[in-house]
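Number of protein chains: 2
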Amino acid sequence: MMLKASAVALCLAASLSGVSAQTFQRLGTCPDLGCVIPPDQQDFLPGQEFDIRFEVHAPKNGSEAFNDGVPDEAFTATIAKDGEEAKSIADFFKHSEPELETWTFSWFEDLFAEAAKTPSVVNVASKAYRRVALYEPGDYTVTLKYYDGKTTTAKWTVRPLATQKRAKNVIFFIGDGMTTNMITAARLLAHQSVNGRYKSQLAMDDFPVIGHQMTHSIDTFITDSANSASALYSGHKSSVNAMGVYADSSADPQDDPKVETIVEMLYRIWGSAWGAVSTSFIADATPIALSGHSRLRSQYGVLIDQALNGVSNYSWTKTDGPDAYFGGGAEQFLPGSGSFQGKDYYAEFAKKGYSVSLNKTALLAAPNDQKALGIFCRSNLPVWLDRNIFPENLETLKNDPAGGSGPAKDLPGLKEMTVKAVEVLHARGGKKGFFLMSEGASIDKQMHALDYDRALGDLLEMDDAIRATIAKLKELGILDETLIVVSADHGHGFDVFGNSDTQYAAAQEDPRAKRDAIGVYANSGLSQYTQPREGVSYGTGANFPLNWDPRYVIAAGLGANPDHREMFGVGAKPRSPASIGADGEAYASASDRPGGFLVNGTLPTDQTQGVHSLTDVPVYAMGPCQETFGGTYNNIDVFYKMAACLGLGHGKNVTHGGGSQCKSKRAQL
Amino acid sequence: MMLKASAVALCLAASLSGVSAQTFQRLGTCPDLGCVIPPDQQDFLPGQEFDIRFEVHAPKNGSEAFNDGVPDEAFTATIAKDGEEAKSIADFFKHSEPELETWTFSWFEDLFAEAAKTPSVVNVASKAYRRVALYEPGDYTVTLKYYDGKTTTAKWTVRPLATQKRAKNVIFFIGDGMTTNMITAARLLAHQSVNGRYKSQLAMDDFPVIGHQMTHSIDTFITDSANSASALYSGHKSSVNAMGVYADSSADPQDDPKVETIVEMLYRIWGSAWGAVSTSFIADATPIALSGHSRLRSQYGVLIDQALNGVSNYSWTKTDGPDAYFGGGAEQFLPGSGSFQGKDYYAEFAKKGYSVSLNKTALLAAPNDQKALGIFCRSNLPVWLDRNIFPENLETLKNDPAGGSGPAKDLPGLKEMTVKAVEVLHARGGKKGFFLMSEGASIDKQMHALDYDRALGDLLEMDDAIRATIAKLKELGILDETLIVVSADHGHGFDVFGNSDTQYAAAQEDPRAKRDAIGVYANSGLSQYTQPREGVSYGTGANFPLNWDPRYVIAAGLGANPDHREMFGVGAKPRSPASIGADGEAYASASDRPGGFLVNGTLPTDQTQGVHSLTDVPVYAMGPCQETFGGTYNNIDVFYKMAACLGLGHGKNVTHGGGSQCKSKRAQL
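Here the protein sequences line up with chains A and B, keeping their order. With our numbering, the residue at position 289 of the first sequence is 289, and numbering never jumps. With our numbering, the residue at position 602 of the second sequence is 602, and numbering never jumps.
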């Protein structure tokens, strides 16, 4: 599983992008030729385990060429708590002195260099100190000395102790890519308003506390879902495509310096249960980052093995595996090229005592007191709109989770998966409580496809899951001791700006005249999605639109698009707005919204989808510690708030759980 | 000033748009042929004064044609508090029976009808009951009976009493069109982050409580700034272009049923001081809606007269005029076609005891104990970016507030105006306190123009004004007794999605290749706006970018665009993205971003600008009652929260202030 760390590697500019021009970076977080990782300005929970890596860079060519490309192998590093004496890293952490590693990587300094194929090559000398922790709150300074006089320093802050649990359970709903704008649009579609007053609202609307969290990566201002999930779960920002680690410059995606996640700490300290539920494939970034430690989110097989067995190439905190784990992504479970070492992970999970469910009926029948795996399809779960309104789209899929050539059948939705997970986690966590992450994954995936209806359908599904979860917690008598947090990992630049008269648009031949069907301001009118349509009843219950295909549909847009055709209104088929032409460039798909008007894009011409955006995203909180979630803060603070509420900040090494071999030692709350 | 209410009028479809198709509405808020205004589902503060209008419609033609176009003039109406007996409106409110009014209006049922020029004509019979109030909290039912058996009912709710002041002063900052997305982008431009942690932040970021408010109009889901401001100031949503009134169907824009605003109530009940500050012309919707009552926001002259002298065509609450009133818009003050009855409103204000300032020097020197008018230019105040970074753009303007042909000189910014207003209002309000609204108006105006840099510059200016205001309140010793609320009236669908390498884009000739300069995700890199540029120092201080024109600029977009060319980065000249061609249609302006790539629009082809969006907008609160601003609520609730904090909900008619003639009776706090 571990590649040779010293291998010469030509890394992609996309994954390692530069100091000099800030946008293309030699290595994000490394301000000079010496790198301290974790870098300057990082926070830690007391007792949170992590790895440290030092790198000394010697660029052979390019604008930073130095020392003929020979890195200083005699670098030294110290750490000092404010007001105390500096000690060597090995002494301070009582860690043996690690072996020196060396490697080479390359990067492009800007787009001109990339176009000219003139990479800058960097030789590296490095050491890694594995599995250390800081126990005393306060400020620390780490100093790396190299090249006979150069220094790179990093200020680290250990946050206050938090040894008492205020919430027994935490349920964290993540609407992937979900913004306030989308929440507003979903409310408009599903809830009726009369003269400006909503007669019913979203479950989220009843949450008493709102905050805003900043989603930027450690080294770029637009994040992906791996490192943003990792920030939420560990209190440490990372780089695009990375989770549970800070990115180093080596080629091995599994040797980067790790940080302990909330479920690892929760299991280590309290022996609590934990679970993840997602409408994506379960190895996708948001669910897998709870347990995953990798520079590359695409290491799907490795990451599923980590979820079950923990990190295996280094000593690291073990959990006993998730107690409830429901989603798509059979590719990593069926034996074959998608699974780790080609093994059958249904069998691997079963060997460790899991019930394994491959459809909704089995899921609902699975025993609550047994660890539960549920994988319901290959790839992502079909979206709510296709499962409920356009089920004919499911029939042609080849996504049987058992490996057959037909479609997955008898699919659960996010609501059923989440409620079942609560039952299992409550039964298994008992007094020790639990942590559950539940993700509405395709809000993001469908926004990427500019398929607003499918995205908003999945947002409404998550809201419905939140409502059902609150009801289930009440039924179990644990609502008052459960903190519920609803947030997102990043945004897409989406908003609704009016309506479109589908009849008028369809009657126009001139593409420009089709745009005259759009009504803004006074002509935006009222939502018709909440008005019943004669002869149509979806049976989807309250809290969903009565009519997905009214005459007057919302007109909406993203701030960032590939070339595409636009014809507002729900599509019976999922969208594929742009596709790659013969010249390798992305153009509007001929088959997508063929009756629409052409919109040329604002994205690089190799992009076939929309992209993530900068915006702060909302955080909704209800339950114990809710008052700590008001105001504006960083995404890492969501971790520190949840961790403080769960009593995870300890001034000494606490290992009540310690893995399956010592379950009897689980702490009592 | 009052047009004949019974005049036959052909109203625009845009201002009165229909029940049958929901988007085009005969009259918003009127669900059947009988209309109760205020309509169903409206809330009132106890003691808040308002007008009632009933209308009975008889469509002569179209899909709703009824009774040969003869409206029932014998309609009757009653009101009943829940559990009590219904009384006639005249009896209940001890109001004389008003005279019957009749008129005719027309509307289009949909776009096909509009294109075919086939309006539906409606005859109307109506009565209006002026200046009534409900004093007892609870639910009321108003019933209109007409056409011998038809009824239209409206449920009204009077909110709880709130007779005690918890905050002496309220300062309400409105970032016009400002969303969370824009706040995030402004932070990125002005504040430096190191490895994901901001070293400084926005003033807004320090506010402890955040809420989200829904901005939709009473009859459309996209609002304009008039009726959204009105909702914030009065607790009553209205229709696009209306403020301080519910929209009726008559032609007269000044006879629509009114509602009392927060400053009218504050002056009537407590005799407090009030003021408005804006970077727009002061007769623009957001500042003028504090005192304005009109179906049409474009009645600028009338509205300025109302601000000074109150409503003059009906008996209505008088204030003593604003104590501080600073902004642009000399057109309504210079004698001529822009002012009410052609009068000199500088002189009218001076006659009532105002100091009149036409530049910053005069503003700063104006006595704090005297009512103060400051009008610094014609039209809107030039934006922060032009005042501070591109001052050459000011030199060619013809906006002298004294009426000369040259440019306005010695301009204050929002910070100077706001801080001066606080000084004046504190000196004049004294123990009675004050209410100040301060608006960053051109956030909206520049988003309309797709000029992201100018919009974000004005957002940062408002944030700077907030910071300076807090410092001034501290200095005056009144921070703890002042509630500060920062919010917006609506959004624009804006977000940042990456960066653009201006050098690479400029070096490409192919428009598609220019898009390859855009970096997303890992290639978005870090903000260069916070890095000093050699030889450039704007002198704009902390909290603003050090470099507005870096090589790597933000790539951003709006979800709704006219045709335009895009070339990311600050423009030395203000943007004009689209203009009307010879065929009357909007096309990308040839002179705007000529080096950019063409983006065809997603808006009707008569639109030259971006438009407002649906999104909920954030509310930041600090000070007394801050805890009441958490969670999700309607824009009208912002009024009820502020009003409750100011003790404006009284169970009897309270008139301590009562206008300038009885100043000695002002209540003591």
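Warning: the hint list may mix true and false statements.
Repeated chains share a single entry, so a pair holds when one copy, or any two copies, can fit it.
Below, a list of computed lysine-lysine pairs in the DSS-like style, where the Cα atoms sit at most 27 angstroms apart [stated by the list, open to error]: (1) Lys472 to Lys155; (2) Lys398 to Lys409; (3) Lys199 to Lys150; (4) Lys127 to Lys60; (5) Lys199 to Lys155; (6) Lys60 to Lys117; (7) Lys352 to Lys81; (8) Lys199 to Lys145; (9) Lys474 to Lys87; (10) Lys81 to Lys652; (11) Lys199 to Lys81; (12) Lys652 to Lys155; (13) Lys127 to Lys474; (14) Lys117 to Lys398; (15) Lys431 to Lys573.
I should point out that these hints are in silico values taken from the structure, not numbers from a laboratory.
Here's how the hints hold up against the structure:
For the homomeric pair Lys472 and Lys155, neither the shortest alpha-carbon distance inside one copy (44 angstroms) nor that between copies (34 angstroms) is at most 27 angstroms. In this assembly of identical chains, Lys398 and Lys409 lie within 27 angstroms of each other by CA distance solely inside one copy; the values are 11 angstroms within and 70 angstroms between copies. For the homomeric pair Lys199 and Lys150, the shortest alpha-carbon distance between copies (24 angstroms) is at most 27 angstroms, but the shortest distance inside one copy (65 angstroms) is not. In this assembly of identical chains, the alpha carbons of Lys127 and Lys60 lie at most 27 angstroms apart only when taken from the same copy (20 angstroms versus 87 angstroms across copies).
Taking identical chains as interchangeable, the C-alpha atoms of Lys199 and Lys155 lie at most 27 angstroms apart only when they sit on different chains, with a minimum of 13 angstroms there against 52 angstroms within one chain. Taking the closest pair of Cα atoms, Lys60 and Lys117 come within 27 angstroms of each other only inside a single copy of the chain (16 angstroms); across copies the shortest separation is 74 angstroms, beyond that limit. In the homo-oligomer, the alpha carbons of Lys352 and Lys81 never lie at most 27 angstroms apart, since the shortest distance is 43 angstroms inside one protomer and 66 angstroms across protomers. In this assembly of identical chains, the alpha carbons of Lys199 and Lys145 lie at most 27 angstroms apart only when taken from different copies (25 angstroms versus 65 angstroms within one copy).
Taking the shortest alpha-carbon separations for Lys474 and Lys87, neither the intra-copy value of 52 angstroms nor the inter-copy value of 45 angstroms comes in at or below 27 angstroms. Taking CA atoms no more than 27 angstroms apart as the test, Lys81 paired with Lys652 passes inside one copy only; the shortest distance there is 16 angstroms, against 65 angstroms between copies. Only between protomers do Lys199 and Lys81 lie at most 27 angstroms apart by alpha-carbon distance; the minimum there is 21 angstroms, versus 57 angstroms within a single protomer. Proximity of Lys652 and Lys155 under a CA criterion of 27 angstroms is satisfied intra-copy only: 22 angstroms inside one chain copy versus 62 angstroms between copies.
Taking CA atoms no more than 27 angstroms apart as the test, Lys127 paired with Lys474 passes in neither setting, with 51 angstroms inside one copy and 52 angstroms between copies. With identical chains, the CA atoms of Lys117 and Lys398 are never at most 27 angstroms apart, being 40 angstroms at best within one copy and 53 angstroms at best between copies. Taking identical chains as interchangeable, the C-alpha atoms of Lys431 and Lys573 are never at most 27 angstroms apart, the minima being 47 angstroms within one chain and 65 angstroms between chains.
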